[in-house]
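A.B. asks: This is what each chain is made of:
There are 2 protein chains.
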Amino acid sequence: MNKNDNFNVIEEVKNLETEYRLSNTQKILLSTDGSVTSILDVLKGNVNIKTLLQEFHKADKFMAELLDIDEGEEVNYRVVIIRRKDEPLIYASSYTPIKRLTKEFKEDLIRADIPIGRILKKHKIESRREVQAVEVKTTNKELTKIFGTEVDLLSRKYNIIHKDNILISIEETFPISSFTSDF
Amino acid sequence: MNKNDNFNVIEEVKNLETEYRLSNTQKILLSTDGSVTSILDVLKGNVNIKTLLQEFHKADKFMAELLDIDEGEEVNYRVVIIRRKDEPLIYASSYTPIKRLTKEFKEDLIRADIPIGRILKKHKIESRREVQAVEVKTTNKELTKIFGTEVDLLSRKYNIIHKDNILISIEETFPISSFTSDF
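Heads up: the sequence lines are chains A and B, in that order. Using my numbering, the first residue of the first sequence is number 1, and each one after it goes up by one. Using my numbering, the first residue of the second sequence is number 1001, and each one after it goes up by one.
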């Protein structure tokens, strides 16, 4: 389950900083083990999400390894944009093994446009977050269109762990030109 | 246990902003439900703590109510400065009911100068954090001396919840002149 137990997010962010000038807010968004939703809420005002994709899959080899489940088990794959009003802030995709969800959590994940941080809070889920990777990526057509810019993207992958298992595996991405001002 | 369940930290920070100009970093430090240690690590470099006080008390009425324990139960009270090298960053006090700690957690809490966020991570503790209060306070002699400034202080109180009980109740304080630059 802890394939990347030795990953040190602080060191990795420092490595990125040898090439890129990152703001405090960017560094926190890349490394925090807290809710990104609540950080965006406090910086931007109450955020909402727009769901781009919501699918159920039988886990293939990639998903099974990612989530530490068996191939064929059911996985929710969700792609959303976290927004302030209509302004896109963060593009996020998540893989969630259905068998690890309570009925109530599953309903919130599937039915409503609720950010995952807010679902965890609502159901008082005790968890921890393990950042697996941080990187700078070149953009693509979809993200250029969403964010209205062709600049590089900051991205991170992390797992939300609950009862010693991966509850959700998340990737978050935003333009390197975002979150650069201090106030 | 959830005396302050309706407390909305985002709203409270917004209220403070009507009177004070807060930086993004300050707002995140006041509101995050993640580890403050790891935020400081990524912003400042690897932080350390200096323990000012480490005491064991039989819980009085105040502590019993704060921690949802019985009067007379054993409580660890710890006051530390979180520092980058010798630079003081955050003044933090914590109340911890001993009966809720594992042996290993207790040893780390008592023996070594390890920030609580790092202890939780080391022992892979699944938890959630509930912010109970955020405020601006006038400083006092002790904090003026520690931080070398007489400006007002930003402060917050929060509980770390584990297995539905308060594991640690923490207050963190820093000068309103700290964490104001963006890079």
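No wet-lab data here; the hints were simulated from the structure. Treat the hints loosely; a few may be bogus.
[What the hints assert, rightly or not] On the chain B side, residues computed to face chain A include the following (Cβ under 7 Å):
1) Ile1010
2) Asp1041
3) Arg1128
In this text, a Cβ means the ideal position worked out from N, Cα and C, and glycines have one as well.
A.B. asks: All hints, please: hold or fail.
C.D. replies: Against the structure, the hints:
Interface restraint check for isoleucine 1010 (chain B): the shortest CB-CB distance to chain A comes to about 5 Å, inside 7 Å, so the restraint holds. The beta carbon of aspartate 1041 (chain B) is positioned within 7 Å of a beta carbon in chain A (closest approach about 5 Å), and the interface hint is therefore held. Restraint check, arginine 1128 (chain B) versus chain A: the minimum CB separation of about 5 Å is within 7 Å; hint holds.
In this structure, every one of the numbered hints holds.
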